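Listed in order, the protein sequences are those of chains A and B.
Position 256 (the first sequence) corresponds to 256 in the numbering used here; numbering is contiguous.
Position 144 (the second sequence) corresponds to 144 in the numbering used here; numbering is contiguous.
FYI, nobody ran anything at the bench for these hints, they're computed from the structure.
Where hints are given, some of them may not hold.
Note that identical chains are pooled: a pair holds if it fits in a single copy or bridges any two copies.
To be verified - Once the Cα atoms are required to be at most 25 Å apart in a straight line, the calculated DMTMM-like pairs of lysine to aspartate or glutamate come out as:
| # | residue 1 | residue 2 |
| --- | --- | --- |
| 1 | Lys532 | Asp299 |
| 2 | Lys492 | Asp479 |
| 3 | Lys295 | Glu478 |
| 4 | Lys532 | Asp391 |
| 5 | Lys532 | Glu265 |
| 6 | Lys295 | Asp479 |
Note that this is a predicted model, so its numbers are computed, not measured.
There are 2 protein chains.
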Amino acid sequence: MKQLLPNWLLRYQRADLTKDLVASIIMTVLLVPQNLAYAMLAGLPPQVGLYAAMLPLLAYAWWGTSATLAIGPVAVASLMTAASLSGLAAPGSSQYLVLAAGLALLSGAFLLIAGRLRMGFLAHFLSHSVLSGFASGAAVLIGVSQLKHLLGIDIPSGQGLETLYHVVAASGGVNPFTLGISVVSILLLLLGKSHLAIVLTRAGITPSKADLLARLTPVAVVLVATVCAALGQWNLHYGVAIVGTVPAGMPGWTSPVAALAHWRELALGAFLIALVGFIQSVSVAQAMALRRNQKIDPDRELTGLGAANVASALTGGYPVFGGLARTAVSFAAGATTQLAGVLSVVIMLLIVTTLTPAFYYMPVAVLSTIIVVAISSLFDWDTFAKAWRYDRADALALAITFWGVLILGVEQGIVLGVGLSLGVLVWRSSRPHMAVVGRVPGTEHFRNVDRHQVETLPGLLALRVDESLFFANISALEDRLVRALAQPAPPKVILLICSAVNRIDSTALDVLTNLQSQLAHHQVALWLSEVKGPVTDRLGPTPLGQRLQGCIFLSTHDAFLAYQHKYQPQPV
Amino acid sequence: MKQLLPNWLLRYQRADLTKDLVASIIMTVLLVPQNLAYAMLAGLPPQVGLYAAMLPLLAYAWWGTSATLAIGPVAVASLMTAASLSGLAAPGSSQYLVLAAGLALLSGAFLLIAGRLRMGFLAHFLSHSVLSGFASGAAVLIGVSQLKHLLGIDIPSGQGLETLYHVVAASGGVNPFTLGISVVSILLLLLGKSHLAIVLTRAGITPSKADLLARLTPVAVVLVATVCAALGQWNLHYGVAIVGTVPAGMPGWTSPVAALAHWRELALGAFLIALVGFIQSVSVAQAMALRRNQKIDPDRELTGLGAANVASALTGGYPVFGGLARTAVSFAAGATTQLAGVLSVVIMLLIVTTLTPAFYYMPVAVLSTIIVVAISSLFDWDTFAKAWRYDRADALALAITFWGVLILGVEQGIVLGVGLSLGVLVWRSSRPHMAVVGRVPGTEHFRNVDRHQVETLPGLLALRVDESLFFANISALEDRLVRALAQPAPPKVILLICSAVNRIDSTALDVLTNLQSQLAHHQVALWLSEVKGPVTDRLGPTPLGQRLQGCIFLSTHDAFLAYQHKYQPQPV
Numbered sequence: 001m002k003q004l005l006p007n008w009l010l011r012y013q014r015a016d017l018t019k020d021l022v023a024s025i026i027m028t029v030l031l032v033p034q035n036l037a038y039a040m041l042a043g044l045p046p047q048v049g050l051y052a053a054m055l056p057l058l059a060y061a062w063w064g065t066s067a068t069l070a071i072g073p074v075a076v077a078s079l080m081t082a083a084s085l086s087g088l089a090a091p092g093s094s095q096y097l098v099l100a101a102g103l104a105l106l107s108g109a110f111l112l113i114a115g116r117l118r119m120g121f122l123a124h125f126l127s128h129s130v131l132s133g134f135a136s137g138a139a140v141l142i143g144v145s146q147l148k149h150l151l152g153i154d155i156p157s158g159q160g161l162e163t164l165y166h167v168v169a170a171s172g173g174v175n176p177f178t179l180g181i182s183v184v185s186i187l188l189l190l191l192g193k194s195h196l197a198i199v200l201t202r203a204g205i206t207p208s209k210a211d212l213l214a215r216l217t218p219v220a221v222v223l224v225a226t227v228c229a230a231l232g233q234w235n236l237h238y239g240v241a242i243v244g245t246v247p248a249g250m251p252g253w254t255s256p257v258a259a260l261a262h263w264r265e266l267a268l269g270a271f272l273i274a275l276v277g278f279i280q281s282v283s284v285a286q287a288m289a290l291r292r293n294q295k296i297d298p299d300r301e302l303t304g305l306g307a308a309n310v311a312s313a314l315t316g317g318y319p320v321f322g323g324l325a326r327t328a329v330s331f332a333a334g335a336t337t338q339l340a341g342v343l344s345v346v347i348m349l350l351i352v353t354t355l356t357p358a359f360y361y362m363p364v365a366v367l368s369t370i371i372v373v374a375i376s377s378l379f380d381w382d383t384f385a386k387a388w389r390y391d392r393a394d395a396l397a398l399a400i401t402f403w404g405v406l407i408l409g410v411e412q413g414i415v416l417g418v419g420l421s422l423g424v425l426v427w428r429s430s431r432p433h434m435a436v437v438g439r440v441p442g443t444e445h446f447r448n449v450d451r452h453q454v455e456t457l458p459g460l461l462a463l464r465v466d467e468s469l470f471f472a473n474i475s476a477l478e479d480r481l482v483r484a485l486a487q488p489a490p491p492k493v494i495l496l497i498c499s500a501v502n503r504i505d506s507t508a509l510d511v512l513t514n515l516q517s518q519l520a521h522h523q524v525a526l527w528l529s530e531v532k533g534p535v536t537d538r539l540g541p542t543p544l545g546q547r548l549q550g551c552i553f554l555s556t557h558d559a560f561l562a563y564q565h566k567y568q569p570q571p572v
Numbered sequence: 001m002k003q004l005l006p007n008w009l010l011r012y013q014r015a016d017l018t019k020d021l022v023a024s025i026i027m028t029v030l031l032v033p034q035n036l037a038y039a040m041l042a043g044l045p046p047q048v049g050l051y052a053a054m055l056p057l058l059a060y061a062w063w064g065t066s067a068t069l070a071i072g073p074v075a076v077a078s079l080m081t082a083a084s085l086s087g088l089a090a091p092g093s094s095q096y097l098v099l100a101a102g103l104a105l106l107s108g109a110f111l112l113i114a115g116r117l118r119m120g121f122l123a124h125f126l127s128h129s130v131l132s133g134f135a136s137g138a139a140v141l142i143g144v145s146q147l148k149h150l151l152g153i154d155i156p157s158g159q160g161l162e163t164l165y166h167v168v169a170a171s172g173g174v175n176p177f178t179l180g181i182s183v184v185s186i187l188l189l190l191l192g193k194s195h196l197a198i199v200l201t202r203a204g205i206t207p208s209k210a211d212l213l214a215r216l217t218p219v220a221v222v223l224v225a226t227v228c229a230a231l232g233q234w235n236l237h238y239g240v241a242i243v244g245t246v247p248a249g250m251p252g253w254t255s256p257v258a259a260l261a262h263w264r265e266l267a268l269g270a271f272l273i274a275l276v277g278f279i280q281s282v283s284v285a286q287a288m289a290l291r292r293n294q295k296i297d298p299d300r301e302l303t304g305l306g307a308a309n310v311a312s313a314l315t316g317g318y319p320v321f322g323g324l325a326r327t328a329v330s331f332a333a334g335a336t337t338q339l340a341g342v343l344s345v346v347i348m349l350l351i352v353t354t355l356t357p358a359f360y361y362m363p364v365a366v367l368s369t370i371i372v373v374a375i376s377s378l379f380d381w382d383t384f385a386k387a388w389r390y391d392r393a394d395a396l397a398l399a400i401t402f403w404g405v406l407i408l409g410v411e412q413g414i415v416l417g418v419g420l421s422l423g424v425l426v427w428r429s430s431r432p433h434m435a436v437v438g439r440v441p442g443t444e445h446f447r448n449v450d451r452h453q454v455e456t457l458p459g460l461l462a463l464r465v466d467e468s469l470f471f472a473n474i475s476a477l478e479d480r481l482v483r484a485l486a487q488p489a490p491p492k493v494i495l496l497i498c499s500a501v502n503r504i505d506s507t508a509l510d511v512l513t514n515l516q517s518q519l520a521h522h523q524v525a526l527w528l529s530e531v532k533g534p535v536t537d538r539l540g541p542t543p544l545g546q547r548l549q550g551c552i553f554l555s556t557h558d559a560f561l562a563y564q565h566k567y568q569p570q571p572v
């Protein structure tokens, strides 16, 4: 029987409540600037970032398995949203909003289906090298996309490195005041990130509190900048771009029907967002779980993330996932159970319904600096350096994915990364281990002729294949047999020893069927031995099974005896 | 030293010349209607199909390995070209021509690079089921795309099944005369395909000649239709669409620079075209080679096809590959070496420079019927029926790819198919075989505790992993160890027996490094045994290697002795 309430709620202990409440307040406040900024990165109005950090949290708390994974807008999914929708609608337009929700809905659907099919193994679809190359490339693209806000210039929206060209072309129009704000803000954020905690600890504050205070830096910077901008009317006097009116109110219930009319254009993007988002969320959740000695279940994570994305779509949000930065914040804030997330939704609701006028004078450049500083840690040089020393092939895969993202764009880059990861897999699988075997004298044991002193029978090629036969490796077997056939004295019988073959797929069956006719045409018989039960059951009724009747032997020893009996009759 | 001339030319025998000459004439004439029709399918002017069947042939003859593979416009690549370029330029416009050439150039570049990297193993990237589902889906899409020509209606160009909607909406405007031409033409082509050879053989003609004559049906139908259309002025009197003016002359030398400005939009499409085209070409070439007992080399095929596509791009063509229908024609015509292809280029040159006015009155509907009849054999029900009986999972993969192509479109469909093929691979790889082992009493042999009566030592978990460790399977090992740790009495030492580990990739190294710290944190030691030389060499200088110094044992026996010595000292 399925239980109605999630585990963490059933086991909830009163002692955790205060901790969770405090954590939720800190978390929510800390994440507001990030939510606004990531929505901007995705080309959406700022309030969408807040909406996307509400209902999805509840959905994940209900269905997900990680106690600390924080769900909401994340950098990479935001960038990928912008890339998916570019060309389909103008950023910020109402059509763009509908499509963003559609993207979340489709991503959610993909995740839910994958969860239903128990495809959690997809979490290990990409190698660390490819993921690292992708993250670094995305970080650079995100940085470049923010240049226009940081410099206060107006350039046409473009994909990837095209933007750099536009920025250079428009460099005459840099707003020096905006640039100044950006530089000061970045310096403050970097100092807060790297030094504040140390300074505070030295001043006698406990390390965990110092860490939390240091994490407040972005909130403080935004607050100060907003107050200054309001007092100094920076927008009027210096032409500094501000956030402007953010409509107050609850996120509306959005109908996904309008977006679904465009599902064909959105499908590939949604699929890639779901894949990357899932992999990143699981890796964050696993790292956290390992630290606390908890376990997460990738199959149920799929369902949790899928539900979160559907929830996001229904409340006018966009694709959401578990982010490292968000999770680190909630971890540092001391969230013990998912209740912290639930409480933070209540607080976010308060903010969304009453506090949005406070965002009016927030300088856009400051939000951009928050993005830039947050993603600077995504850029990962260490993994490349390590891979370069340990395994050049992995380093190459990393570099190719990185440049692929930069040059081809974020979607093509991830496709390239997936292709690389899987290319390696196919390449490996296409080279199964095969050994020609002979009989260990005086026994019924058969071993590799290259490694052991064994007896072979002239005219009998006994070949052991150490893998299940399927589409990626069957042609290697085909090649091996065709080569045997081309020898000056081809064998009379080819015996395939199937002790390691757990399965023969349709492609392999096709190839084997053709091979058998081909061999028969050249007067060479194909025999099998040590075929496992399930394989025999399937093989039986097929044309190949019919033709091999009488040529399938229980043991290799039996096959050897049959060969001697048939081709080397004892002289009387 | 590399040889300057290809093998087939060095070994050319005079006796083959006449055969090749006759074959080339027959081939060229037979393929003219197909070339025109496929160019139309790709949304290009008809002469482009002829251009694409010239220089690429020479390039392939020089670099390729198959003696009989016929290179030129093929159905699926034509459909994929149309899909890639839809939305980028209006079909038939000069920009569209430039982009089509750009697509060929990029495909060629991908193929050449893959050839250089010896990635011929990609030929087995897709299972037969997925390929069959893709081909059937593409066949349906191609059929649907031709409806407007067959019915003589004018509808907006759309992707995939959208077209069906437009056709139904415009069904009032069907041109009955065009429809009549289509029906008669299809009936004639089908009769020619299925019955003519039999009838001719019964009439006393040799089967091979009868086969060739039967293959002439499309040429005859086009010829008769064109003459009738010209005499009856069908275009003026009945509104029948005709091919119109086809500019005479050699294909111009096209600069790829203009197309390269759009390479980002084209890259994904070009990649998919290269992948699908390569797989199809190799499977056709392999089938032919098997029949003649020749061999083809997939690595060199990549180079040959790459060169052909670059050649196509430089002469204003579009992506070209080896097609089954084309190859069957050249095989039936008796082409012995690549010279037949070379000669056919000369003949095609004559046609392009002098005969194009003859195409003026050719009814477009007749060309469409040639496409429809040619691709009807792509639709493959048998493979599904067979897979359904033999292996439901394969049948499902086939069905999903088929509907994916129909509903999502041809590019998304093939991405889905690749995903499915590889998903299966990842799923398999993510489940490596692992066995807890113990000592066979009185020996230094260690076997699976579940299958043999063996001795184990309390507190020592000896785990044998029967696979190289890499990104797709390392988390299975991690799970296994974390589970061991969670037992009521966790082991003191975990011994990994690496006899089957040929390689540890960077991802696996990362995970192992983390695991080791984690285990150390829980007072569990990680030991390794039977580590192979190359693995030790790489592992040595890494942080994990440093930390494991003294914990790596030559044999499992040594590790057992060390454990006994350390944790079970003999009482004095």
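Hints and how they fare:
| no. | hint | result |
| --- | --- | --- |
| 1 | Lys532 / Asp299 | neither (31 Å within a copy, 35 Å between copies) |
| 2 | Lys492 / Asp479 | within (18 Å within a copy, 48 Å between copies) |
| 3 | Lys295 / Glu478 | between (44 Å within a copy, 12 Å between copies) |
| 4 | Lys532 / Asp391 | between (38 Å within a copy, 16 Å between copies) |
| 5 | Lys532 / Glu265 | neither (46 Å within a copy, 50 Å between copies) |
| 6 | Lys295 / Asp479 | between (45 Å within a copy, 10 Å between copies) |
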